[in-house]
Each structure stands twice: as C-alpha cells, then as structure tokens.
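Residue numbering for the sequence shown is 10 to 263, as defined by my numbering.
Simulated from the structure, these hints should not be mistaken for lab results.
Keep in mind the model is a prediction, meaning the values are calculated, not measured.
No false leads were slipped in.
With a Cα cut of at most 25 angstroms, we get these calculated SDA-like pairs of lysine to any residue:
(1) LYS41 x ASN55
(2) LYS88 x VAL50
(3) LYS129 x GLN168
(4) LYS88 x LYS242
(5) LYS138 x MET231
Here are the simulated distance ranges between beta carbons:
(6) GLN99 x GLN70: 34 to 42 angstroms
(7) PHE179 x ASP28: 19 to 27 angstroms
(8) HIS149 x CYS192: 38 to 46 angstroms
Think of the CB as a built atom: it goes at the ideal place given N, C-alpha and C, for glycine as much as any other residue.
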Amino acid sequence: MPQFEKLLLRFLNPREPPDKPKVFQTIQKHLKLPLTGLREVGSGSNAFTEFESGVEKLLTQKATSTLAFIGLEARLPPKIRAQRSVVCRQIDSWIGGKSVDELKQEITYRNHLEVREIIKFGQYTHVFKIEFATINMSSHALQHGILCEHVKIAPSQIQQEKFIDILIYFNCYKMEQHATKNCPTPNLTVCSECTGNHTYKNCTSSIKKCLNCQEYHRTMAMSCPTKKTIKEKQNQATGRKSKRKTGTDIRQST
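Whole structure, please, built from the sequences with the hints as guidance.
Now the structure itself:
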C-alpha cells in the first residue's frame with residue numbers, strides 16, 4: 010500500500026463534523042489540492058496527500074481560513090514541527106539571557122527568516138530552540154548559521170530537532186502497547202478529554218484528565234509525562250545503537 014503524507018484536521022465542533030465529500034470538494038476547489046484520503050481519528054480526520062508539499066499547503070494562511078469555513082483546523086504534525094525546528098547550543102550567555110520575544114524579533118530581523126516560536130530550557134542561557142515558519146528556513150539556518158545581535162551562531166552550534174514517533178491507539182488511547190486491531194478492549198467507549206465513558210465528541214466536562222498518566226491535561230497533550238518517558242527511552246535506544254555502530258555516542262537530548 011502506498012505511503013502518503015498525513016495531516017490532522019481537527020473538528021472545531023466535534024458534535025457537527027463536516028461531511029467527507031464536502032471536505033474533499035472544498036480542499037480541491039479552493040486550495041487546488043486533491044487529497045488521497047480522509048480517515049476519522051480521535052479528534053478529527055487525518056487528511057492524506059500524495060506529497061509532503063501538500064501538507065505544507067494545508068498549513069498556509071489561505072488554507073487556515075478555507076478549513077475554518079467548513080469547521081476544520083489543521084494541526085501541525087509533530088514530524089513537520091521537528092523538521093522546522095533547530096536547537097542552538099553553546100550560546101553566549103549575553104544572547105541566551107535575552108527574552109523569547111527579544112530573540113524572536115532579533116533573529117527574524119537579522120536573518121530574514123520568519124521565527125514562529127523560541128523555546129527555552131528552564132534557566133539555561135546557553136541553549137534554546139527555534140521553530141521557523143518553513144522547513145526551508147530551518148535548513149538555511151543549519152547550513153549557514155544565524156546572526157543574532159551581531160553575534161554569529163555557527164552551523165556547528167545548530168542541530169535539527171529529532172522527531173520521535175509514538176504510536177497511539179485511538180480505541181483505548183494506550184501508547185506503544187498494541188496495534189489498534191489487537192486492542193484487548195475493542196468495545197471500550199472512553200473520552201480522551203476527561204476519561205469519561207463517552208467519546209470526546211460528546212464531552213462537556215471543563216476538567217481535563219489523561220488516560221495514561223492520570224494528570225489533569227488532555228490525553229493527546231504533548232506535555233504528557235508518559236509521552237516524555239517514551240521519547241526519552243527511544244532517545245536512549247537510538248543513542249546506544251549509534252554508539253555501537255560508530256564507537257561514539259552522538260545522541261543529543263532535545
């Protein structure tokens with residue numbers, strides 16, 4: 010079966026999702042993008058495109074207004090977010106000590122690259138992450154470096170953010186445990202928003218709770234400690250494999 014690129018289109022009103030034919034027609038007519046498929050998942054529908062450029066097209070400003078008109082919102086896939094992001098290390102504390110707003114404005118202005126977000130890691134001033142507007146912009150930073158307040162952040166100080174794929178099974182929302190078709194609770198009805206015995210589409214609770222870690226956030230939240238633990242284990246496994254292959258541990262935690 011062909012491997013297509015996919016993007017989650019979240020329902021703005023889960024109780025009244027748009028008809029599938031309408032989604033195909035609207036995206037083809039207004040964005041000139043024929044989808045190869047639509048598959049409903051826990052919080053919307055995965056839209057499949059033939060090429061990665063189709064996913065990028067669904068994330069443009071024009072696509073945002075087009076999708077909103079039919080009750081959809083495109084969610085940036087974690088894989089593409091990682092491809093758009095770089096981690097800058099060994100930064101002079103004078104630069105790293107600036108606020109995220111100052112860094113965002115300065116890097117955008119000096120390099121003519123659109124910065125979507127700057128992420129700092131606690132109180133550390135020698136490292137921060139930059140999410141650019143496109144993959145091409147992050148590639149430019151990796152190849153040529155970045156200028157910030159007349160200080161050069163060299164390519165050797167910049168690394169691509171790593172993407173770690175986590176399998177989530179949308180029947181029970183368990184992570185990395187079994188295939189959806191082999192779910193031991195195939196008739197389970199559970200809400201990924203509040204853990205109640207209804208679907209997320211019918212959820213009216215204002216209190217969010219995770220099915221995996223039991224903390225008070227949505228099950229699909231990127232900040233979930235269970236997700237972070239899985240990512241760390243995969244990072245460690247990748248590091249061990251790289252060390253066996255090259256004799257050097259090249260893993261860098263992001």
